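Given chain A, put chain B with the ligands in place with the hints provided.
Listed in order, the protein sequences are those of chains A and B. With my numbering applied, the first sequence closes on residue 292, and no number is skipped along the way. With my numbering applied, the second sequence closes on residue 1135, and no number is skipped along the way.
Just so you know, these hints were derived from the structure itself, not from any lab. Only a predicted model underlies this, so the values are computations on that prediction, with no experimental measurement involved.
Each computed PhoX-like pair below joins lysine-lysine, with the alpha-carbon atoms no more than 20 Å apart:
{"#": "1", "chain 1": "B", "residue 1": "Lys-1034", "chain 2": "B", "residue 2": "Lys-1085"}
{"#": "2", "chain 1": "B", "residue 1": "Lys-1118", "chain 2": "A", "residue 2": "Lys-12"}
{"#": "3", "chain 1": "A", "residue 1": "Lys-252", "chain 2": "A", "residue 2": "Lys-289"}
{"#": "4", "chain 1": "B", "residue 1": "Lys-1061", "chain 2": "B", "residue 2": "Lys-1105"}
{"#": "5", "chain 1": "A", "residue 1": "Lys-241", "chain 2": "B", "residue 2": "Lys-1118"}
{"#": "6", "chain 1": "B", "residue 1": "Lys-1104", "chain 2": "B", "residue 2": "Lys-1068"}
{"#": "7", "chain 1": "A", "residue 1": "Lys-287", "chain 2": "A", "residue 2": "Lys-147"}
{"#": "8", "chain 1": "B", "residue 1": "Lys-1068", "chain 2": "B", "residue 2": "Lys-1105"}
{"#": "9", "chain 1": "A", "residue 1": "Lys-91", "chain 2": "B", "residue 2": "Lys-1088"}
{"#": "10", "chain 1": "A", "residue 1": "Lys-160", "chain 2": "B", "residue 2": "Lys-1034"}
{"#": "11", "chain 1": "B", "residue 1": "Lys-1118", "chain 2": "A", "residue 2": "Lys-16"}
{"#": "12", "chain 1": "A", "residue 1": "Lys-160", "chain 2": "B", "residue 2": "Lys-1088"}
{"#": "13", "chain 1": "B", "residue 1": "Lys-1085", "chain 2": "A", "residue 2": "Lys-160"}
{"#": "14", "chain 1": "A", "residue 1": "Lys-2", "chain 2": "A", "residue 2": "Lys-67"}
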Amino acid sequence: MKISYYPGCTLKTNAKNFEDSTLCSLKALGIEVEEINRWNCCGTVFSLATDDLIHHVAPIRNLIRTKQAGSDAVMTPCAMCYNTLKRANEKVKSDPDSLEKINNFIDYEKISYHGDVKVLHLLEILRDQVKFENLAKKVVKPLNGLKVASYYGCLLVRPKEIGLDDVENPQVMENLFTTLGAKSIDFPHKTECCGSYQTVDNPSIVAERTHKILTSARNRGADVVAMSCPLCAFNLDNRQKQTAEIYSEFKKIPVLYFSQLLAIALGCPEAALRLDLQYVDPNPVLKQKGLL
Amino acid sequence: MRVNISQKKVRDQFVAKIEELSGQSILACYQCGKCSAGCPAVSEMDILPNQVIRFVQLGLKDELLQSKSYWVCASCFTCNARCPKGIKIAEVMEALRQILLRKKKDYVKIPKLTDHEKEDVPPIALISSFRKYTS
Ligand code: SF4
Ligand code: SF4
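Excised from the complex, chain A in its bound form (with noise of 0.2 Å):
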């Protein structure tokens, strides 16, 4: 199977971070990716109205692109395109008379659509196909002595048709930590919404949620938090300014991509992290479990 990658728009920016770090992980991992020709935005979320075709225009459009690259399958690190992307993809699959209009509307490019490209999450790579037994022998660099809490958010496991696993207590990530050495701290907010794209008009919701996830995950122990989503690590990290405006008992704890704290303990060298992306400094607790 060939797999195309899709980065999305806040990888190739504030999300730099995470780009890197991925491609750096598939890199020591041996697995070679080809970012897909003219991309564009998925449109971050997925319409819900039954009339509203036209936003499904732009995820389909990348599967096109998928399809000319000789692609069988699209891999994105990114909870919120992944969701997108999956669901206008299952979408068409189950509904051929608006795959029809999206295939008549866009008939100005060289091929249509037949809902023959599968999308996949980074960590349904690493889980399928790589597989953490194989995936435990690569590791230089073990998490050992790392409290790590996996937040999973809304989109990587809503809705259940398209999740990536078990919808109320999904465990890809714990496993991929407990793999990779650290020790995964299990805490009751994980599929907890961090309020999403309410931080542009009322960041004072995102920081009650931020409070109320964070809190909840160091009460359990954690040192970092990991996820998969540039918006809920906007929300967990940044916000998290706000949050101790508001919140003076709050502390703050440092909020990771999966795939940085995966290029560490695969060896990737500490230019791939970029830590000087993240609002709330991990450095001083990687440092002192000897991970940097």
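Then chain B with the ligands, alone, in the frame of chain A:
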């Protein structure tokens, strides 16, 4: 709160429009409240998710159009995942947003966002906010 219920309201176009846009059969809801129990946004809502569904059942258009509940809904899909009747409450919230947005009533006014607000947040936040809150 005093609420007038009438056949006229229940059969109003408004109810049909919401059912059409959301693709949901609103009458299937038996008001168990599970959607509201798990909703992370209830503290900000004036009408809880199960009440939104009830108000649609009763055709309480004015009350619904004045509510801010669907604007603080973050489309997290927790309610959808847990509804024992398989109702997609998040889709009903979307239908309500769409009814207003399609009248060109943008909820987030892009020209009013300061440069600082725009620079501060990543593209993924701006795009999703504009997709949800503007027409
Ligand atoms: S969970 Fe479903 S059935 Fe129960 S109140 Fe909500 S919409 Fe109605
Ligand atoms: S989708 Fe909206 S209404 Fe449903 S649980 Fe999430 S925030 Fe609440």
